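What follows is the residue order along each chain.
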Amino acid sequence: MKALDLKLMRDFRRLWSQFLAIALVLGAGVAVLLMSFGMSDALEETRTTYYERNRFADIFVDLKRAPNAMLEIIRDIDGIASAEARVTTYATLDIPAKVDATVAFVASLPDDGADLNQLILRLGNWPDATATDAVVLNAPFGEANDLWPGDTFTANINGTKRTLTVTGWALSPEFIYTIGPGSLIPDDEDFGVIWMPEDALAAALDRTGAFNNLTVKLRPGYRVDPVIDELDRLLEPYGALGAIDRTEQVSNSFIDAEITQLETLAYTLPPIFLGITIFLVNMVMGRIVALERAEIGLLKALGYSDGAILMHYLLLAGLVGVVGVTIGYVAGSWLSYQLAQLYADFLKFPYLIYSVSWNTYVVAGVLGLLAAGTGAARSAWTAARLAPATAMSPPAPPNFGTSWVDRALHAIRISQPTMMILRSIIRWPVRASLSVLGMALAVGILVSSNFFPDALDLIIDTAFYQSNRQHAVLFFNDEMAEDAVTEASRLPGVLQAEGQQVMTAVLRFEHRSKRATVEARRPGMNLSRIVSAQGQIVDAPPGGIMLSERLASQLGATVGDVIEAKFLGVHQGTYNLPVTQLVTQFFGLGAYMDQATANRLFQQDPRVAIVNVTLDPDFNVAFQNSLKDLPRLAGRAMLAENRAGFEETISRNILITTTIYAILGTLITVGVAYNGARIQLSERARELASLRILGFTRGEVGFVLVGEIMLLAVLAQPLGWWIGWGVAKLLTESYTSDLYSMPLVVNAATFASASLIVLSAAFVSVLIVRRKLDRINLVSVMKTRE
Amino acid sequence: MKADRVFRTAGLTKVYDTGEVKVYALDGVDLDLYAGELTVLLGPSGSGKSTLLNILGGLDHATEGRVWFRDLELTNLRDRGLTQYRRDHVGFVFQFYNLVPSLSARENVQLVTDVARNPMRPEEALDRVGLAHRMDHFPAQLSGGEQQRVAIARAVAKRPEILLCDEPTGALDSKTGIQVLEVLKQVNEELGTSTVVITHAAEIRKMAHRVIWFQDGKIANIDINETRLEPAEIAW
Numbered sequence: 019m020k021a022l023d024l025k026l027m028r029d030f031r032r033l034w035s036q037f038l039a040i041a042l043v044l045g046a047g048v049a050v051l052l053m054s055f056g057m058s059d060a061l062e063e064t065r066t067t068y069y070e071r072n073r074f075a076d077i078f079v080d081l082k083r084a085p086n087a088m089l090e091i092i093r094d095i096d097g098i099a100s101a102e103a104r105v106t107t108y109a110t111l112d113i114p115a116k117v118d119a120t121v122a123f124v125a126s127l128p129d130d131g132a133d134l135n136q137l138i139l140r141l142g143n144w145p146d147a148t149a150t151d152a153v154v155l156n157a158p159f160g161e162a163n164d165l166w167p168g169d170t171f172t173a174n175i176n177g178t179k180r181t182l183t184v185t186g187w188a189l190s191p192e193f194i195y196t197i198g199p200g201s202l203i204p205d206d207e208d209f210g211v212i213w214m215p216e217d218a219l220a221a222a223l224d225r226t227g228a229f230n231n232l233t234v235k236l237r238p239g240y241r242v243d244p245v246i247d248e249l250d251r252l253l254e255p256y257g258a259l260g261a262i263d264r265t266e267q268v269s270n271s272f273i274d275a276e277i278t279q280l281e282t283l284a285y286t287l288p289p290i291f292l293g294i295t296i297f298l299v300n301m302v303m304g305r306i307v308a309l310e311r312a313e314i315g316l317l318k319a320l321g322y323s324d325g326a327i328l329m330h331y332l333l334l335a336g337l338v339g340v341v342g343v344t345i346g347y348v349a350g351s352w353l354s355y356q357l358a359q360l361y362a363d364f365l366k367f368p369y370l371i372y373s374v375s376w377n378t379y380v381v382a383g384v385l386g387l388l389a390a391g392t393g394a395a396r397s398a399w400t401a402a403r404l405a406p407a408t409a410m411s412p413p414a415p416p417n418f419g420t421s422w423v424d425r426a427l428h429a430i431r432i433s434q435p436t437m438m439i440l441r442s443i444i445r446w447p448v449r450a451s452l453s454v455l456g457m458a459l460a461v462g463i464l465v466s467s468n469f470f471p472d473a474l475d476l477i478i479d480t481a482f483y484q485s486n487r488q489h490a491v492l493f494f495n496d497e498m499a500e501d502a503v504t505e506a507s508r509l510p511g512v513l514q515a516e517g518q519q520v521m522t523a524v525l526r527f528e529h530r531s532k533r534a535t536v537e538a539r540r541p542g543m544n545l546s547r548i549v550s551a552q553g554q555i556v557d558a559p560p561g562g563i564m565l566s567e568r569l570a571s572q573l574g575a576t577v578g579d580v581i582e583a584k585f586l587g588v589h590q591g592t593y594n595l596p597v598t599q600l601v602t603q604f605f606g607l608g609a610y611m612d613q614a615t616a617n618r619l620f621q622q623d624p625r626v627a628i629v630n631v632t633l634d635p636d637f638n639v640a641f642q643n644s645l646k647d648l649p650r651l652a653g654r655a656m657l658a659e660n661r662a663g664f665e666e667t668i669s670r671n672i673l674i675t676t677t678i679y680a681i682l683g684t685l686i687t688v689g690v691a692y693n694g695a696r697i698q699l700s701e702r703a704r705e706l707a708s709l710r711i712l713g714f715t716r717g718e719v720g721f722v723l724v725g726e727i728m729l730l731a732v733l734a735q736p737l738g739w740w741i742g743w744g745v746a747k748l749l750t751e752s753y754t755s756d757l758y759s760m761p762l763v764v765n766a767a768t769f770a771s772a773s774l775i776v777l778s779a780a781f782v783s784v785l786i787v788r789r790k791l792d793r794i795n796l797v798s799v800m801k802t803r804e
Numbered sequence: 002m003k004a005d006r007v008f009r010t011a012g013l014t015k016v017y018d019t020g021e022v023k024v025y026a027l028d029g030v031d032l033d034l035y036a037g038e039l040t041v042l043l044g045p046s047g048s049g050k051s052t053l054l055n056i057l058g059g060l061d062h063a064t065e066g067r068v069w070f071r072d073l074e075l076t077n078l079r080d081r082g083l084t085q086y087r088r089d090h091v092g093f094v095f096q097f098y099n100l101v102p103s104l105s106a107r108e109n110v111q112l113v114t115d116v117a118r119n120p121m122r123p124e125e126a127l128d129r130v131g132l133a134h135r136m137d138h139f140p141a142q143l144s145g146g147e148q149q150r151v152a153i154a155r156a157v158a159k160r161p162e163i164l165l166c167d168e169p170t171g172a173l174d175s176k177t178g179i180q181v182l183e184v185l186k187q188v189n190e191e192l193g194t195s196t197v198v199i200t201h202a203a204e205i206r207k208m209a210h211r212v213i214w215f216q217d218g219k220i221a222n223i224d225i226n227e228t229r230l231e232p233a234e235i236a237w
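Just so you know, the sequences run in chain order A and B. What the first sequence shows, in the numbering used here, is residues 19 to 804, in sequence order. What the second sequence shows, in the numbering used here, is residues 2 to 237, in sequence order.
If you are wondering where the hints come from, they were derived from the structure by calculation, not from laboratory data. On a predicted model such as this, the values are computed, not experimentally measured, just so you know. Honestly, I wouldn't trust all of these hints.
[Claimed, not checked] Under the rule of at most 25 Å between Cα atoms (straight-line distance), these lysine to aspartate or glutamate pairs were calculated in the DMTMM-like manner:
no. : chain 1 : residue 1 : chain 2 : residue 2
1   : A       : 20        : B       : 224
2   : A       : 20        : B       : 89
3   : A       : 20        : B       : 80
4   : A       : 20        : B       : 124
5   : A       : 747       : A       : 567
6   : A       : 20        : B       : 128
7   : A       : 82        : A       : 647
8   : A       : 179       : A       : 505
9   : A       : 20        : B       : 137
10  : A       : 20        : B       : 125
[To be verified] A partial selection of chain A residues facing chain B, derived with a Cβ cut-off under 10 Å:
no. : residue
11  : 22
12  : 24
13  : 319
14  : 323
15  : 407
16  : 532
[Said to hold, decoys possible] Chain B is nowhere near these chain A residues, computed Cβ spacing over 12 Å in every case:
no. : residue
17  : 293
18  : 308
19  : 636
20  : 745
Cβ coordinates follow ideal geometry from the N, Cα and C atoms, glycine included.
The following block holds chain A by itself, in its conformation from the complex:
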């Protein structure tokens, strides 16, 4: 090995702790990049394959009832490759030894096997096409409820109780993510999907020769919109609720959101880590070059070229880059594989296609090495350009002239060690500011990751304690006369009952339109209330329609505008409705009408589609049993369970993410503070040793070292809070979707814990360096020529 290379390796070994601190920051950036791209690739790839293999449909339509003959007409629409009609319904299940009534979505299995949305049988057998009481369960639902092939349970389908036998478990690309009506998160025990032979289900639903659900696959290259328009036109007479494409399909849109979030992560975090790496490498290499002036001069005197010197220092940084990238590769591969498996498990993919493309590794590696190289570029260039004669003579001492700042510092009569700290910061303002910025970014990362619980607390409080005060919601398959509310109030354990009407409509204003759920409500409802984000309780004013702000902005409409509402399903008709009021909400694209206004509009008696109830917990068993017998019940949501599930899922996820971000924030802080202190020590060894010789104690001398870094760390806090708040604001905006918006709430405790973590990490880093100072040999330091 060449002597210069040996020097390289030995320098690297000598400075290993500083380089490791940098490599860890770099590694974290590379790992996050690999992890987020690796996982989003894995999800995307797995989903695409799953969809292709199992022919996931492109368009989905729910309708009231259409004759099978319509199918031939639909198949003639230009661009349709395949159209499949199904019969579907919601049913209430009575599972042996289970108190709670369970809700399931029931879909028909075509006689000749499904062409679209093909199931994968995981266990057991397919039911015989002629069987009337055999079903296949969605595998996670079967597993959660301990229902195995051969087991039986009772289902209330269209008012008739039937005993059904499980023949097998299956997975479907249509239900990767399942969520029950009125629920916020998936709960496999509470909600499932059941497939039944077509003839049996059609007979049970009195829809023989007809269908109420249609899925369509397009020919390659055809656009979705014209086909949707044509389907809406053809199926409107049959009570269609409007065709939707994949983006609106619940399961698929949820996975879309997951992939988007992972990609957001990949584009936001790694640049921060790479930026800090550049700064740290720049700072450390600058110091190394300053220390090695004489050696550089010597190498040049010996005949080494500028290029050789440049390469020497670039290679030293390159080694840091290689170590960092390697750490990142190992940690990133491991993390992304583990997390991808968690995802696959959580999302019920039948398999996981995990292969992070070599592209991702190359991009991550190149970015990592570039960051190290960029950081070293200036110092390496300086080293290469040092004139040999200049390099051999000691550098001119830094110009500590007296500026007005110094006079001001004198005037306030501070101690000499404090003066040393302040002077050093003033003399190297760029380095001091970048150190502050680095630690501020660490605080920012912590604040912006930890604000989620704060925001979710507010959401939970608004959703569950202010808005939805009912204990349970009962959903019906069809609209019912208002005496359904009276019936519900007679169920065992029900204390209060209130009904409301829920309709689907396409709202249009100018050229913009949006499919939305319109609730018709009586004023002064007490259980389910409309609560604005500001906490006010709002009723829909009579004579028009009240829109959530999110919906109004998507339509471009505001109070006073008249929008067109085309109702689908039962109440077909198009009406012009003035927008009477806007309400800001966290969830959904809400639209509300006064019940009396709706009754007049539809020329109807009061109708209800859902009933909200409060319950006496002592009667839960009787209540649940009564639900199992209630005809036409499509589903029920137990809000307490919902809330508990929501909180549990959130808190589990938050524990993981908070831990990860705390580690990332600590890595950054250690990188900045440890290297900062090491450089202080190296630059000031003589100075500090002189102080010791002059009679200062270790503590007093240590104060100069610890004081400067900690002062910078403290200065970083307000900036970090501000950065964190800004990033949180950006995140709330990026997470705002059709379904919900994230409020921007950051509690004082979140700021405090972020600061605590960063200040502690900085303090520990500096103390480690201080121990080196304590052990320094005073005489040898004073003899060192510099």
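Given the coordinates of chain A, work out where chain B should sit on it, guided by the hints.
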């Protein structure tokens, strides 16, 4: 001997311009140095010795005037050319040895042999300075004299035509200094290397072929020693 000239300078001038005052480190120096000659440069601090050495060694540029190494005009060379010149022809020895602390004695010498055209083996160079037994020691494990001998071994390992020494004994006590001077003399005689030594210890002049006295950036006097002393006979 006069015929074989290695260096010639004409009107060599180096000005340090600090903005307020101009300092003439060298002020029109005309000088010839000859092959195989051991020359000692004497003079007070700031008289221009080191500046001359740096320019001869291709470490620094002259402000005015010209320098030739044999037929090569150094004042015409840019950085790349000077680097090549240093690599091929010049060996340096400094007051503070300037060893690379992270490399052993052998590896410090290897720094040179890695890039030189026709080097001797590092072991041979160290053997010449009497350090064959300490080759694998690091600078911190060597005494000052030993470190300086490593530096000399490093300088001569490439078989340079000229060896430039800036206060080679400046950081050493006189006993150790004499050992170093003996090595320099031996190299000068055995390898025929033209050697220029800057020193503050005037006694050292007695071992030189020629002594050049500097004053205020100019040559004040040149002495030729008819009889030379052995380093061991010198004391300071």
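We went through each hint and held it up to the structure:
1. Taking the CA atoms of residue 20 of chain A and residue 224 of chain B, the gap is near 44 Å; set against the 25 Å cutoff, the hint is violated.
2. In summary, the hint linking residue 20 of chain A to residue 89 of chain B is supported, as the alpha carbons are separated by about 18 Å, within the 25 Å threshold.
3. The hinted pair formed by residue 20 of chain A and residue 80 of chain B meets the criterion: a straight-line CA distance of about 24 Å does not exceed 25 Å.
4. Under the criterion of a C-alpha separation no larger than 25 Å, the hint pairing residue 20 of chain A with residue 124 of chain B is consistent with the structure, at around 15 Å.
5. At roughly 18 Å between alpha-carbon atoms, residue 747 of chain A and residue 567 of chain A fall within 25 Å of each other, so this suggested pair holds.
6. Pair hint residue 20 of chain A plus residue 128 of chain B holds up; C-alpha atoms about 21 Å apart against a cutoff of 25 Å.
7. At most 25 Å may separate the alpha-carbon atoms for a hinted pair to count; residue 82 of chain A and residue 647 of chain A meet this at roughly 24 Å.
8. The straight-line distance between the Cα atoms of residue 179 of chain A and residue 505 of chain A is roughly 19 Å, inside the 25 Å bound, and the hint therefore holds.
9. For the hint pairing residue 20 of chain A with residue 137 of chain B, the CA-to-CA distance comes to about 15 Å; that is within 25 Å, so the pair holds.
10. Restraint check for residue 20 of chain A and residue 125 of chain B: satisfied, since their Cα atoms lie roughly 18 Å apart, inside the 25 Å limit.
11. With its C-beta approaching chain B no nearer than about 6 Å, residue 22 of chain A sits inside the 10 Å limit, and its interface hint holds.
12. With 10 Å as the threshold, the beta carbon of residue 24 of chain A comes within range of chain B, its nearest partner Cβ sitting at about 5 Å, so the hint holds.
13. For residue 319 of chain A, the shortest C-beta to C-beta distance to chain B is roughly 5 Å, which falls under 10 Å, so the interface hint holds.
14. Below 10 Å, beta-carbon pairs count as interface contacts, and residue 323 of chain A has one with chain B at about 5 Å; its hint therefore holds.
15. Annotation: interface hint on residue 407 of chain A holds; nearest CB of chain B at approximately 4 Å, less than 10 Å.
16. About 69 Å separates the beta-carbon of residue 532 of chain A from the nearest beta-carbon of chain B, more than 10 Å, and the hint is not met.
17. Chain B leaves residue 293 of chain A outside its interface by the beta-carbon criterion, the shortest separation being 30 Å against a cut-off of 12 Å.
18. Its beta-carbon lying about 15 Å from the closest one in chain B, residue 308 of chain A satisfies the requirement of being farther than 12 Å from that chain.
19. For residue 636 of chain A, the condition that its CB be more than 12 Å from all CB atoms of chain B holds, with the nearest at approximately 80 Å.
20. The beta carbon of residue 745 of chain A sits about 43 Å from the closest Cβ of chain B, which is more than 12 Å, so the claim that it is off the interface holds.
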